[in-house]
Every structure is written in C-alpha cells, then in structure tokens.
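K.L.:
Keeping their order, the protein sequence lines are chains A and P.
Be aware that the first sequence starts at 12, since it is given in my numbering, and climbs by one per residue.
Be aware that the second sequence starts at 12, since it is given in my numbering, and climbs by one per residue.
Worth flagging that the hints you see were computed from the coordinates, not collected in a lab.
Predicted, not measured: the structure shown is a model, and the values here were computed from it.
By construction, the Cβ of each residue, glycine as well, lies at the ideal position given by its N, Cα and C atoms.
One thing to keep in mind: the hints can contain errors.
[Unchecked claim] In silico DSS-like links for lysine-lysine, alpha-carbon gap of 27 Å or less:
1) Lys209(A) to Lys163(P)
2) Lys209(P) to Lys209(A)
3) Lys242(P) to Lys209(A)
4) Lys242(A) to Lys242(P)
5) Lys209(P) to Lys274(P)
6) Lys21(A) to Lys44(A)
7) Lys163(A) to Lys209(P)
8) Lys275(A) to Lys209(A)
9) Lys209(P) to Lys274(A)
10) Lys275(P) to Lys242(P)
11) Lys21(A) to Lys163(A)
12) Lys209(P) to Lys275(A)
13) Lys209(A) to Lys275(P)
14) Lys274(P) to Lys209(A)
15) Lys163(A) to Lys28(A)
16) Lys209(P) to Lys21(A)
17) Lys242(P) to Lys21(P)
18) Lys21(P) to Lys209(A)
19) Lys242(A) to Lys209(P)
20) Lys275(P) to Lys163(P)
[As the list claims (entries may be wrong)] Chain P regions said to be covered by chain A (calculated; three or more residues, Cβ under 8 Å):
21) 180-191
22) 198-204
23) 209-216
24) 220-233
25) 247-260
26) 266-277
Protein chains: 2
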Amino acid sequence: MGGSIGLAVKHRINGCKIVGYGHRPAALQAALKMGAIDEAYDEPGPAVRDADLVILCTPVGVIGPMLEQICPELAQGAIVTDVGSTKRHIVDAGEALLPAGTHFVGSHPMAGSEKRGVEFAREDLFDRALCITTPTSRTNSQALDSVTSFWKRLGMRSMRLSPEDHDRILADVSHLPHVLAAALISIQEDVALDLCGKGFLDVTRIASGASGLWRDILQDNSDNVRRSVAKLVEHLRELEVLLEAGQSEALERWLVTAAERRKKALERREGE
Amino acid sequence: MGGSIGLAVKHRINGCKIVGYGHRPAALQAALKMGAIDEAYDEPGPAVRDADLVILCTPVGVIGPMLEQICPELAQGAIVTDVGSTKRHIVDAGEALLPAGTHFVGSHPMAGSEKRGVEFAREDLFDRALCITTPTSRTNSQALDSVTSFWKRLGMRSMRLSPEDHDRILADVSHLPHVLAAALISIQEDVALDLCGKGFLDVTRIASGASGLWRDILQDNSDNVRRSVAKLVEHLRELEVLLEAGQSEALERWLVTAAERRKKALERREGE
Numbered sequence: 012m013g014g015s016i017g018l019a020v021k022h023r024i025n026g027c028k029i030v031g032y033g034h035r036p037a038a039l040q041a042a043l044k045m046g047a048i049d050e051a052y053d054e055p056g057p058a059v060r061d062a063d064l065v066i067l068c069t070p071v072g073v074i075g076p077m078l079e080q081i082c083p084e085l086a087q088g089a090i091v092t093d094v095g096s097t098k099r100h101i102v103d104a105g106e107a108l109l110p111a112g113t114h115f116v117g118s119h120p121m122a123g124s125e126k127r128g129v130e131f132a133r134e135d136l137f138d139r140a141l142c143i144t145t146p147t148s149r150t151n152s153q154a155l156d157s158v159t160s161f162w163k164r165l166g167m168r169s170m171r172l173s174p175e176d177h178d179r180i181l182a183d184v185s186h187l188p189h190v191l192a193a194a195l196i197s198i199q200e201d202v203a204l205d206l207c208g209k210g211f212l213d214v215t216r217i218a219s220g221a222s223g224l225w226r227d228i229l230q231d232n233s234d235n236v237r238r239s240v241a242k243l244v245e246h247l248r249e250l251e252v253l254l255e256a257g258q259s260e261a262l263e264r265w266l267v268t269a270a271e272r273r274k275k276a277l278e279r280r281e282g283e
Numbered sequence: 012m013g014g015s016i017g018l019a020v021k022h023r024i025n026g027c028k029i030v031g032y033g034h035r036p037a038a039l040q041a042a043l044k045m046g047a048i049d050e051a052y053d054e055p056g057p058a059v060r061d062a063d064l065v066i067l068c069t070p071v072g073v074i075g076p077m078l079e080q081i082c083p084e085l086a087q088g089a090i091v092t093d094v095g096s097t098k099r100h101i102v103d104a105g106e107a108l109l110p111a112g113t114h115f116v117g118s119h120p121m122a123g124s125e126k127r128g129v130e131f132a133r134e135d136l137f138d139r140a141l142c143i144t145t146p147t148s149r150t151n152s153q154a155l156d157s158v159t160s161f162w163k164r165l166g167m168r169s170m171r172l173s174p175e176d177h178d179r180i181l182a183d184v185s186h187l188p189h190v191l192a193a194a195l196i197s198i199q200e201d202v203a204l205d206l207c208g209k210g211f212l213d214v215t216r217i218a219s220g221a222s223g224l225w226r227d228i229l230q231d232n233s234d235n236v237r238r239s240v241a242k243l244v245e246h247l248r249e250l251e252v253l254l255e256a257g258q259s260e261a262l263e264r265w266l267v268t269a270a271e272r273r274k275k276a277l278e279r280r281e282g283e
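Construct the complete structure from the given sequences, taking the supplied hints into account.
P.N.:
Spelled out as structure tokens, the structure:
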C-alpha cells in the first residue's frame with residue numbers, strides 16, 4: 012500500500028517530499044522509478060527524521076516493533092499514523108511509545124486487493140474508498156484533523172470509530188469473511204474443485220490473500236474473531252433446526268432476511 | 012433458464028421446433044418475441060405432446076408435480092430431463108413416474124446468475140459451463156447419450172455423477188456457500204453495512220439469489236446441507252483452538268492450505 016500512497020500523493024498533493032523506507036532494495040528501486048517516492052532508505056530511522064507525517068504500511072505484527080525503532084528519530088510535531096487492519100493494540104502501542112510533542116493517530120484505509128507489492132501500486136487506489144480513523148480520549152485533535160484531511164485529499168471518504176468499535180465491527184465484516192472463505196475452500200473434496208462455478212470462486216476469492224498478513228490480523232484481533240465465528244455458528248444452528256424440522260416458511264424467511272440485508276448494503280454503497 | 016435454452020437452441024441447432032410452457036402470459040409473449048420459443052402454451056400437457064425432448068426448468072420443488080402432469084401426454088420414445096440443482100429426489104420421481112417407452116435423465120447445467128426471468132435470457136449462457144448428468148442403473152444409455160450430446164451442442168462441458176454423489180458434492184460447493192453468504196450478511200450490525208468493501212460484497216453476492224428457489228434446494232438436499240454445515244463448523248473449531256492457543260505457525264498453515272487450494276481450483280478452471 013505504501014507504493015499506492017506515494018503515487019496518490021504525487022498526483023494529488025503539491026509540494027510534498029515523499030520518503031520511502033523498505034527492506035527490499037528491488038522494491039525501493041521500483042518505487043523510485045515509478046515516482047512513488049522521491050528518496051529511498053533501507054533503515055526506518057533516517058527515513059522518518061524530517062517527516063511531518065509518517066505512515067506505517069507494514070503487516071500488523073510489525074507495526075509495534077517499527078514504532079519502537081522510529082520513536083527516537085521523530086521530529087518535534089511529527090504525526091505518525093498507520094494503515095493496519097486492526098487498531099486496538101496498534102493505537103495502544105502508538106500512544107504508549109511516542110515521545111512528547113509527537114502524535115499518533117490510527118488509520119485504516121479500506122482499499123487494496125489480494126495482490127501485494129509495489130508493482131501493483133495504483134494512484135487511484137483510494138478513490139471513494141473508506142478510511143476509518145480511530146481516535147481515543149488521548150488523541151490530539153489537530154493531529155486527527157490533519158490525518159483525516161490527508162486521506163480525504165487522496166480521494167477517500169472518512170469515518171471515525173473507537174479502536175474497540177473498529178476491531179469488533181471489522182471482525183464481523185472483514186476478518187470473518189476471510190475465515191469463512193478459507194474454511195469453505197479447505198473442506199472441499201478434490202472432485203468438488205472441478206465443479207466450482209463463478210459463485211464459489213467469488214465467495215472464496217479473499218482466501219487467496221497473503222497468509223502472513225492474515226495470520227497477524229487474526230491473531231491481533233483473536234477475541235473479536237472468535238466472537239464473530241461464534242455468532243455465525245449460532246446463526247447456522249438456527250438454519251439446521253429449520254431444516255431438520257422441515258419448516259419451509261421459516262426457512263424462506265431466513266433466506267429473505269439475508270437477501271434484503273444485502274440489498275441494503277449494496278444500496279448504501281451505491282448511494283455514497 | 013428456459014429462455015436461455017430456447018435462444019441457445021435457436022442459434023446452435025438447426026431444424027428444432029421449440030415449444031414453451033409457462034404460467035405467466037407476459038413471459039411467454041416475451042419469449043416468443045425474442046425468438047426463444049416458436050410456440051407458447053399455458054398448460055404443460057399440450058406443450059409436451061409431440062416433443063422428442065422435454066426439459067423441465069422449474070424450481071426444484073415443482074419438478075415432481077410437473078412430472079405427474081406431463082406423464083400421460085408424453086409421446087412414445089420421448090426423453091425428459093430437467094435443470095434442477097438437486098438430483099436424488101427428482102431422478103427418483105422421474106424414474107418412478109415416467110411411462111414405459113419414455114426415458115428420464117437428470118441434468119444439472121451449472122449456468123445462470125442470481126437474475127431470473129426471460130428478460131435476462133442469453134444464448135451464450137451455457138458456453139464452456141459445466142453440465143452434470145446423473146445416470147442411475149435404470150437410465151437408458153441412448154437417452155443418456157442424447158441428453159449429454161444436447162448440452163454439448165449448446166457449448167457445455169459434461170460430467171457424469173450418480174444422483175447421490177451430485178447432491179453430496181453440490182451441498183459442499185454450492186449450497187453451503189449460499190448458506191454462508193446468507194448467514195454472514197444476516198449477523199452484521201447496522202453500522203457494518205456502511206463499512207463493507209468489495210471483498211464482503213463478493214462473498215455475499217450469492218445471498219441475493221431467489222429465496223424461493225433456494226428454500227426448495229436446501230429442503231430437498233437437507234441431509235447433505237446439514238452435513239456440509241457440520242463439516243464447516245468443525246473446521247472453524249480448529250481455527251478457534253489455534254487462535255485461543257496463540258499457535259502462530261499452525262494458524263498460518265491453516266490459511267496457507269486454503270490459499271493453495273483455491274489456487275488449485277482456479278487453475279483447474281482456467282485449464283478447461
């Protein structure tokens with residue numbers, strides 16, 4: 012996502028110097044070449060030294076250690092945000108570690124695809140997508156406004172949620188679908204793979220996402236993910252009871268409720 | 012699906028007269044107008060009277076009663092097939108009800124979308140899609156060959172499965188995904204609907220399917236669907252254990268296995 016942020020900033024915000032840090036030299040070279048960054052560093056310290064805004068775009072499990080590395084190097088007044096898919100632990104770490112006079116604001120720009128790497132970077136990745144910022148009672152309100160306005164300038168819609176609400180809702184709407192897609196594909200008999208149609212491939216598409224990233228996310232949000240799984244299993248039990256009892260009308264209601272709710276989700280999205 | 016079959020036959024098989032039966036006059040008129048059928052009937056008896064091949068394209072729950080209605084009218088040598096998404100009960104009914112000298116062969120052309128109605132008919136609906144035929148020890152082999160060859164002439168790939176294997180595998184690969192999509196959308200909090208991204212909408216797309224059709228399918232295949240749900244819930248329990256125990260490596264393996272399996276499914280599909 013770092014590459015897409017660089018490209019989007021280059022196209023949409025004048026007068027920024029974009030400094031990239033990465034541990035793969037080839038990725039840094041590619042980012043320089045495509046104009047996603049102006050300067051490249053293979054260590055985080057020098058990369059953040061003069062930055063007004065630092066955006067951490069690493070897997071969720073690496074954001075904590077990365078914060079520790081950059082803290083001593085931050086300039087007075089620097090704002091640090093991140094793009095992690097979970098927020099409670101990251102925001103806790105940011106608020107605990109950042110030195111006085113610097114500010115942490117949690118962000119979750121909900122954009123991207125199952126494809127990773129700077130070669131897939133797109134300057135329009137953020138257009139009309141939703142960015143959730145997750146302020147707490149300790150968040151500096153000017154820093155929050157700066158971060159919100161930054162994502163808006165990249166074309167994003169914005170929403171604010173507490174880190175707790177964010178992680179609970181995202182478990183339902185993002186982490187659970189991933190888990191279900193993975194489970195669904197895993198339980199198939201071999202012959203079923205020859206039979207799967209477009210519907211099946213749609214449902215399981217997100218199971219192709221990077222396993223390391225998703226391991227971090229599920230672990231970091233483990234309590235909420237387990238609660239979401241339990242909620243789903245309970246809803247499936249309702250269905251099992253209806254099927255066992257042959258309750259035709261209640262079964263149809265179970266299905267109609269779902270179809271209507273999806274229609275609502277789609278309308279809200281189209282209305283944006 | 013009847014409309015698409017009519018259009019496909021018209022474009023790809025010479026010298027057929029296509030007779031349509033339906034209970035909605037507007038749909039019959041539309042089908043005549045677009046050339047999907049040559050003659051229209053509002054009763055099944057007259058529609059099938061001189062037919063060499065009868066294709067029942069009604070919801071799964073209506074195929075049995077429809078078979079009873081058409082049996083007395085079938086010509087000697089007529090072949091009857093269907094497009095139902097479940098096969099055990101339909102094939103049983105076909106074999107039990109059809110008079111001597113006529114033949115039933117179960118078909119499941121896996122094509123179509125969540126959109127219903129003759130206005131969505133497409134002559135290329137069947138191109139490269141898979142058609143499963145479900146012969147039993149009682150199936151006439153010439154009738155089976157005729158039906159298989161008919162679907163192939165519409166552009167379909169073909170596969171044969173016993174009605175039992177068909178219903179077991181389809182529960183995993185088609186009915187379970189539908190149930191999961193419906194459950195997933197149903198358990199969301201209202202605020203989650205504002206947050207859902209492309210991944211979520213992909214995963215739940217099939218939950219928009221016609222509820223009446225799906226009620227029939229789930230009821231007809233109730234035993235297998237419940238077994239599929241149980242299998243999935245068991246696989247989710249494995250995940251819960253890994254999350255509770257914080258078993259990072261095993262968790263990543265759980266995810267990698269799924270991603271690799273989806274890749275395999277996609278490769279098989281692309282290799283077709």
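K.L.:
Are any of the numbered hints broken by this structure? If so, which, sorted upward?
P.N.:
Number 17 only.
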